[in-house]
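*Asks:* Per numbering that gives the first Met the number 0, numbering of the sequence shown is gapless, rising by one per residue and ending at 159.
No wet-lab data here; the hints were simulated from the structure. Please note that the accuracy of each hint is not assured.
What the hints assert, rightly or not - Pairs of lysine to aspartate or glutamate, DMTMM-like flavour, derived with a Cα cap of 20 Å:
no., residue 1, residue 2
1, LYS155, ASP35
2, LYS155, ASP135
3, LYS155, ASP53
4, LYS92, GLU131
5, LYS138, ASP108
6, LYS155, GLU142
7, LYS92, ASP53
8, LYS92, ASP23
9, LYS71, ASP53
10, LYS138, ASP110
11, LYS71, ASP23
12, LYS155, ASP23
13, LYS71, GLU52
14, LYS92, GLU122
Said to hold, decoys possible - Beta-carbon label-pair distances, calculated as ranges:
no., residue 1, residue 2, range
15, ALA55, GLY93, 32 to 38 Å
16, PRO65, GLN19, 29 to 35 Å
17, ASP53, GLY93, 21 to 27 Å
18, ASP35, GLY75, 21 to 27 Å
19, ASP66, ASP150, 30 to 36 Å
Note that the Cβ used here is the ideal one computed from N, Cα and C, for glycine as well.
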Amino acid sequence: MHRVIPALLLAGCMAAPAPQAYRDTTAPISSIALFDVARLQGGEWREVASFREDGACLICRAGFTPDGGGVKMVSGAGTAQLVPAGPGRLAPKGLDGALAQPWWVLWVDADYRTLVIGTPSGEFAAVLDRGEIGADRRKAAEEILRWAGYDVARLKPSRL
């Protein structure tokens, strides 16, 4: 019994494991300055790929509706308010873990069919699409993630 107590005390002093990062945080990262949050509305967005360890998807399917100065997102991750937090940046209110960090819009195609979001910490990134993603947009999404320092070899296709 006396040997167990010091071991428990020592275990309580150990640091928590570091969060999983999927990007080299020394690589440059930027958000899309001309991103228009209102253009997320209309239709269903579906997660095409994301960085995760387990599970079928992170956001899964999502719908966006106007909500004050931002949009309300209803998705597999839960319901959240996405509030603009700078050019091409969104602050999610109502989510947990890595999904609660500020989202940076890394890329969106001109017609707002494909959206690439991520966090500077590299703990979260996902590719969303309004339908079936074309090979050209998938390639562009992977290239922007690679440029932002993400290890695209760890990018997993989503199973909805």
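*Asks:* Can you confirm whether the C-alpha distance between LYS92 and ASP23 stays at or below 20 Å?
*Replies:* The given pair, whose Cα atoms are some 26 Å apart, is violated under the 20 Å limit.
*Asks:* Taken at face value, is the distance from the CA of ASP135 to the CA of LYS155 at most 20 Å?
*Replies:* Between LYS155 and ASP135 the Cα gap is close to 18 Å, so the pair holds against 20 Å.
*Asks:* With a cut-off of 20 Å on the C-alpha distance, tell me whether LYS155 and GLU142 pass.
*Replies:* holds (15 Å)
*Asks:* Honestly, do PRO65 and GLN19 meet the 29 to 35 Å range at C-beta?
*Replies:* The hint (29 to 35 Å, Cβ to Cβ) holds, given that PRO65 and GLN19 are roughly 34 Å apart.
*Asks:* Does the structure keep LYS138 and ASP108 at a Cα separation of 20 Å or less?
*Replies:* It holds: about 12 Å lies between the C-alpha atoms, which stays within 20 Å.
*Asks:* The hint says 32 to 38 Å between ALA55 and GLY93; measuring C-beta to C-beta, is that right?
*Replies:* Violated, at about 21 Å.
*Asks:* Starting from the hint 30 to 36 Å, judge whether the C-beta atoms of ASP66 and ASP150 obey it.
*Replies:* holds (34 Å)
*Asks:* Between the alpha carbons of LYS92 and ASP53, is the straight-line distance 20 Å or under?
*Replies:* violated (23 Å)
*Asks:* Below or equal to 20 Å on CA atoms is what counts here, so check LYS71 against ASP53.
*Replies:* violated (26 Å)
*Asks:* Please work out if LYS155 and ASP23 have their alpha carbons no farther apart than 20 Å.
*Replies:* holds (18 Å)
*Asks:* Holds or violated: LYS71 with ASP23, Cα cutoff 20 Å?
*Replies:* Answer violated: LYS71 to ASP23 is near 31 Å, above 20 Å.
*Asks:* Would you mind confirming whether the straight-line C-alpha gap from LYS71 to GLU52 stays at or under 20 Å?
*Replies:* Outside the cut-off at roughly 27 Å; violated.
Hint compliance for this structure: hints 1, 4, 7, 8, 9, 11, 13, 15 are not met, and every other hint is.
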